[in-house]
Structures are given as C-alpha cells and as structure tokens.
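**Student:** Chains as they are written, first to last, in the UniProt record's numbering: chain A, 1 to 202; chain B, 1 to 202.
Check each hint, because a few of them may be wrong.
Computed Cβ-Cβ distance ranges for the label pairs, DEER-style [said to hold, decoys possible]:
(1) A:L169 <-> B:E144: 22 to 32 Å
(2) B:E40 <-> A:N29: 24 to 34 Å
(3) A:L151 <-> B:E26: 16 to 26 Å
(4) B:G167 <-> A:E45: 37 to 47 Å
(5) B:E26 <-> A:N27: 23 to 33 Å
(6) A:A111 <-> B:N77: 49 to 59 Å
(7) A:R135 <-> B:E196: 25 to 35 Å
(8) B:R145 <-> A:E196: 43 to 53 Å
(9) B:N27 <-> A:L151: 33 to 43 Å
(10) A:K22 <-> B:I63: 19 to 29 Å
Don't read these hints as lab results, they were simulated from the structure.
By construction, the Cβ of each residue, glycine as well, lies at the ideal position given by its N, Cα and C atoms.
There are 2 protein chains.
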Amino acid sequence: MHKGRLFVISGPSGAGKGTICKEILENENIRLSVSMTTREPRAGEMHGVNYFFVNEEEFKRIIEERGFLEYAQVYGNYYGTPKMEVMDMMNDGIDVVLEIDIQGALQIKEAYPEAVFIFILPPSMAELRKRITGRGSETEESLERRLGETLKEISYIDKYDYCVINGELKEAVDRVAAIIMAEHSRVSEDVYKIIERYKEEI
Amino acid sequence: MHKGRLFVISGPSGAGKGTICKEILENENIRLSVSMTTREPRAGEMHGVNYFFVNEEEFKRIIEERGFLEYAQVYGNYYGTPKMEVMDMMNDGIDVVLEIDIQGALQIKEAYPEAVFIFILPPSMAELRKRITGRGSETEESLERRLGETLKEISYIDKYDYCVINGELKEAVDRVAAIIMAEHSRVSEDVYKIIERYKEEI
C-alpha cells in the first residue's frame, strides 16, 4: 500500500489558502489535519473535529515529547499540529493537508522535510490590499503594517516546493490538485517495490 | 514571459510512451521536438515535420559542435535531437516534449539536467509480454531477450523524476498532464521575478 503524503498549504493571510484548502478537501481524496489547542471550545465546536481541546499541562507535555510538527502561542493560547495524528493517517495510506501560516510551515519543514510545501500567493499587492480592505477590519496604519509583513513572508518562498498564484480560484485549485497528483507519480521507495515485483514476475 | 520546459517521456518499448505522447500533444499546449536523421525520407515524410533530413557529413559536424541533446546510430543511420531546435522553442515560452528510449534519455540528462524526466512503466511484465506478443513480430527467444532488456532498462528509473504506470491509458495521460501543470508551479526564477514585482507595487 502507498504511504500517504503531507501537503502543507501556506502563504500570507489574504492569499486565499483557506478557500483553496476547502475546495481541495471537497474534491480530492485527502484529509485535513486537526489541530490541538488550549483555548476553550466555542459553541458548536467538537473535540476531534474542529480541534483537539486539551489543557496547558497536557499541551506542554506533548511539546516536551517533541510531539508537535509545529506549535505556536497566540494571545495566551497554544495551538499545534500533533505529529502522531498526521503520521497515523499517512501510515494508513491517507494524504493529509495542512493549512498554516508561514512560521508554522517553516517549523514543519524542520520536523518533516519530506512534506510537500505549497505557497499560495495573491495575484498582486494591489489585489491583496483590496481583499484586506474588503474585510473592513483594518485601519490604514495596520493595513500598511500588514502589507509590509506580507512582503517579508513572501521572501520565505524559496523554502517551498511549489508556488500557486490565486488569481482565479478554480485555476488555483486545479493547480494544487495537479501538484497532489504529480507528487504521487514521483520516483520514490514505492517505485522500487514495483520494480522488485517486475523482477519476480519474469 | 515564462520560459518553456522540456519534458522527456521515456521507458521500455511496449510501455506505451508513444500513445501517451500523442494524447499529450493533442490536449496540452506543448510541442514535439523534431529529430534529425541521416536516413532517407520515406514516402510522404516531410523535412521539418517528421524529421530534419541531413547527410552524414552535416550530422557529424553537428555532433562535433555538441549540437545534439542526444544522438544514436541505428542500423547505419544516425538519429539525434538538435539542441538549438529545442532551446529556441523554450526561449519562445513553448513547452517541448520528447519521446525517447532510455539510452537517449540518459544522454539528455547529462546535457540538460533541468529537463523533467518521466518514465512510463507497463502495469506488469505479464501485460508487457502480452503487448509484445500481440504485435506478433517476435520469436519466443527474442521475446525473452527483450523482457530481460526491459528489466535492465527499468533499473535506470532512479535517474528519473516521475514514474507513470500505463495500465489505463486515460489515467496515465491525466498523470502526465498533471506533472506538466505541477512543474509550471515549481518555485523557480520566474517566482523571484514575481516577488520583485510585489516589492515594487507596495
């Protein structure tokens, strides 16, 4: 049986990685990795579906056991990607997709460089500015700071395998789907097993 | 403008690389590299379409100028892939596909390692045996020799980037198409140009 692969979909916020991920999960035979967090569940959120909800003690224990592919502290709460969860799915032959910011992706690259790293880019800074302004949640000052931040983030693109520009959503989704399909045709250990089979057949 | 890429489709004879190539040429925005040969044109063959027909003196001159990505002598005739032809198309932003045996592909790997190397595998040795027998052109002895040759050829698979098993033709063609699409999303020099544009925009 094929081992599953880990696809890390990352990029600056506003590039549309969430929307692309949602489409990929609907159309491809792939599963989303469920994160772990110490924050309180919100109404309707379910343990094991939206997040694994744990207390800080438990979370810190897993950090010490190096049990996270990546983790971060945001506004006093911890968030992380449990390694075991992802590895179990891959060992069952299931592809896993992970939507994450650039800092998280760089941590995963350290912990598991065999993953496939896909950077989602906005079509232009002008378009990104428009998308962020459209959400209406930023002041002029924080908008400029965010765009500056985005430029810094984009400079990490050389750590990634692929770059998909999200201008037209359907095209971007098709590209990510093609990357997933192509990566399954990579010459890998699986191929060597096949060759052994040919040798036995002759 | 994007530079075109070179896709080398290769594999043992009987794996179906010719059929896959034909489908790819029909469906994708890609052009076939035209080979050069010293053999006489057959009825209906056109210079520049089927082959570039040249005399031996001309062919040997191009060999000496290192003007071939690969070449071989078969039954006294020379066959080769002119480098200039392929490079010109790629500089015009056109993808090029090249269908070639394993020896030729290994020569191209030396001359132009940036190409994308795709190995087409038959689904099994039993199926390959059936396909070759179906053509009816082999004796039992030459069949066994050919299958042994195929096994040796398959051992070169680790020089390739991708491996596509040609069981169901449509699936194999979809996989090759996905590889072409995915390779266009690779982080490359093109991406750095885009990043420069973002920086200027802000």
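**Student:** Taking 16 to 26 Å as the stated bounds, is the beta-carbon spacing between A:L151 and B:E26 within them?
**Tutor:** Violated: the Cβ-Cβ distance is about 42 Å, outside 16 to 26 Å.
**Student:** Is it true that the C-beta distance of A:L169 to B:E144 lies inside 22 to 32 Å, as the hint says?
**Tutor:** violated, 54 Å
**Student:** So does B:N27 sit 33 to 43 Å from A:L151, Cβ to Cβ?
**Tutor:** Once the Cβ atoms are compared, 38 Å apart, the range 33 to 43 Å for A:L151 and B:N27 holds.
**Student:** Should the hint that B:E26 and A:N27 are 23 to 33 Å apart at their CB atoms be regarded as holding?
**Tutor:** holds, 25 Å
**Student:** How does the Cβ-Cβ distance of B:G167 and A:E45 compare with 37 to 47 Å: does it lie in that range?
**Tutor:** This hint holds: roughly 44 Å between Cβ atoms.
**Student:** Can the suggested window of 25 to 35 Å be confirmed for the beta-carbon pair A:R135 and B:E196?
**Tutor:** holds, 27 Å
**Student:** Is the gap between the beta carbons of B:R145 and A:E196 within 43 to 53 Å?
**Tutor:** violated, 22 Å
**Student:** Should the hint that A:K22 and B:I63 are 19 to 29 Å apart at their CB atoms be regarded as holding?
**Tutor:** violated, 55 Å
**Student:** Quick check: does the Cβ-Cβ distance between B:E40 and A:N29 fall within 24 to 34 Å?
**Tutor:** violated, 52 Å
**Student:** Hint says 49 to 59 Å; check whether the CB-CB distance for A:A111 and B:N77 agrees.
**Tutor:** Check passed, 55 Å falls within 49 to 59 Å.
Hint compliance for this structure: hints 1, 2, 3, 8 and 10 are broken, all remaining hints hold.
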